[in-house]
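J.: Going line by line, the protein sequences match chains A and B.
Heads up: the first sequence at position 162 corresponds to 162 in the numbering used here, and the numbers run straight through without jumps.
Numbers given in the numbering used here equal positions in the second sequence, counted from 1, plus 1000.
Worth flagging that the hints you see were computed from the coordinates, not collected in a lab.
The structure displayed is predicted, hence computed values, not measured ones.
Just so it is clear, CB atoms sit at the ideal spot from N, CA and C, and this is done for glycine as well.
Heads up, some of the hints might be wrong.
[As the list claims (entries may be wrong)] One side of the interface only, derived from the structure: several residues of chain B facing chain A at Cβ under 8 Å:
id : residue
1  : P1016
2  : T1020
3  : Y1041
4  : N1069
[To be verified] Computed beta-carbon distance windows for the label pairs:
id : chain 1 : residue 1 : chain 2 : residue 2 : range
5  : B       : A1058     : A       : R232      : 44 to 54 Å
6  : B       : V1036     : A       : R193      : 39 to 49 Å
7  : A       : A169      : B       : A1047     : 52 to 62 Å
8  : B       : E1043     : A       : D149      : 24 to 34 Å
9  : B       : R1004     : A       : R155      : 33 to 43 Å
10 : A       : F64       : B       : G1018     : 26 to 36 Å
11 : A       : Q27       : B       : A1024     : 47 to 57 Å
12 : B       : G1018     : A       : R193      : 53 to 63 Å
13 : A       : L23       : B       : F1066     : 34 to 44 Å
14 : A       : R232      : B       : F1066     : 36 to 46 Å
15 : B       : I1006     : A       : Q15       : 53 to 63 Å
16 : A       : Q229      : B       : R1076     : 45 to 55 Å
17 : A       : F64       : B       : Y1030     : 24 to 34 Å
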Amino acid sequence: MHFAVLQFPASNCDQDAVHALRLLGHQAGFVWHKDTSLGGADAVIVPGGFSYGDYLRTGAIARFSPVMQAVRRFAEAGGLVLGICNGFQILCEAGLLPGVLVRNRALQFRCEHVFLKTARQDSPFTRAVPAGQLLRIPVAHGEGCFYADEATLARLEARGQILWQYCTADGALTEQASPNGSLRNIAGVCNERGNVAGLMPHPERACEAILGSEDGRLIFQSMIAWHEQAARAGAGAAPHA
Amino acid sequence: MKARIIITPKKAVLDPQGKTVQNALAHLGYTGITAVHVGKYIEIDLAPGTDREAARQALEEASHRFLSNPIIEDYRLEIE
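Please work from the sequences and hints to get the whole structure.
T.: Here it is as structure tokens:
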């Protein structure tokens, strides 16, 4: 499987993402933000960082980059797109994901490992996560508080678009378990179709035992499993960019 | 000709920055303040001879599409 990892000015988790995906035995290459093609990739990773210095709002400028037009077309064709941290913020600003990420409620930059509960097991981003297993993955952000109005939150819940929620080590969805004050403890969501997802925690930083956790692999392995299944199901099911 | 765009957090959205500034003002002894909201101010210089109505329309669009995020922010556009 071939992953395209986008690079914006001040992306800084792009190298980590490529490293993690190659570690899993798959191809990963960089795609510059001025490129208008994704180079035939099977999936897209929008990595973390501080694209355009977080000027105006996080992700607000990156969303208008030429490469984002290609990402939009790829997503509309059903391709898998995962936004991590700043990538999540960019996808929200682009309208490819619902809601928006705002300043952490405590105003602090939070950099620590958190526990995540996977809210549904059947999505392209979670199918490799064993039922009931919590993920221990680091966060590193100052603006990761997920916000959407009540009607949107209710719709996300009803349609199963909440993929991950911050929880305690016991799996309880308490206010204290959330590093940023996200509504409904939301750490990650997907679009209605289920092929575009974003999360604030960094799975690419949790793919090797030496880094303290390998739980991040499960998210990438989910995408890989979905792609392989779609490829087996026949042409057209897995779009190329 | 100048355009000014004032962007403020929507009332329904938690504004931890405004709350923190409010608390700091109270600590400094400034009383009688019931709420503080921290937003953004954008000043735009327009080329001489720009059609005011066309500029307003363009900047309304830019404010909605790019300069503010309507999920969390309101904006006010002024052209002088």
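J.: Confirm or reject each hint.
T.: Evaluation of the provided hints:
The closest approach between the C-beta of P1016 (chain B) and any C-beta of chain A is roughly 5 Å, which is under the 8 Å cut-off, so the hint is satisfied. Given the 8 Å rule on beta carbons, the hint for T1020 (chain B) holds: about 6 Å separates it from the nearest Cβ of chain A. With 8 Å as the threshold, the beta carbon of Y1041 (chain B) stays out of range of chain A, its nearest partner Cβ sitting at about 12 Å, so the hint is violated. Proximity of N1069 (chain B) to chain A holds as hinted, the smallest CB-CB distance being about 6 Å (cut-off 8 Å).
Taken as a hint, the range 44 to 54 Å holds for the pair A1058 (chain B) and R232 (chain A), whose Cβ atoms sit roughly 50 Å apart. Against the hinted window of 39 to 49 Å, the Cβ-Cβ separation of V1036 (chain B) and R193 (chain A) comes to about 41 Å, which satisfies the hint. Hint check: A169 (chain A) to A1047 (chain B), Cβ distance near 60 Å, so the stated range 52 to 62 Å holds. At about 30 Å, the beta-carbon gap between E1043 (chain B) and D149 (chain A) stays in the expected band of 24 to 34 Å.
Evaluation of the 33 to 43 Å hint for R1004 (chain B) and R155 (chain A) yields a pass: the beta carbon distance comes to about 36 Å. About 28 Å separates the C-beta atoms of F64 (chain A) and G1018 (chain B), a value consistent with the hinted range of 26 to 36 Å. Checked against the hint of 47 to 57 Å, the pair Q27 (chain A) and A1024 (chain B) passes, with Cβ atoms roughly 51 Å apart. Between G1018 (chain B) and R193 (chain A), the C-beta spacing of about 36 Å breaks the proposed range 53 to 63 Å.
At roughly 38 Å, the beta carbons of L23 (chain A) and F1066 (chain B) sit within the given window of 34 to 44 Å. At about 42 Å, the CB distance of R232 (chain A) to F1066 (chain B) agrees with the hint of 36 to 46 Å. At roughly 40 Å, the beta-carbon separation of I1006 (chain B) and Q15 (chain A) lies outside the given 53 to 63 Å, and the hint is violated. Between Q229 (chain A) and R1076 (chain B) the Cβ separation comes to about 51 Å, which falls inside the hinted range of 45 to 55 Å.
The supplied range of 24 to 34 Å is broken by F64 (chain A) and Y1030 (chain B), whose beta-carbon atoms lie about 40 Å from each other.
In terms of the numbered hints stated before, the structure departs from hints 3, 12, 15 and 17, listed from lowest to highest.
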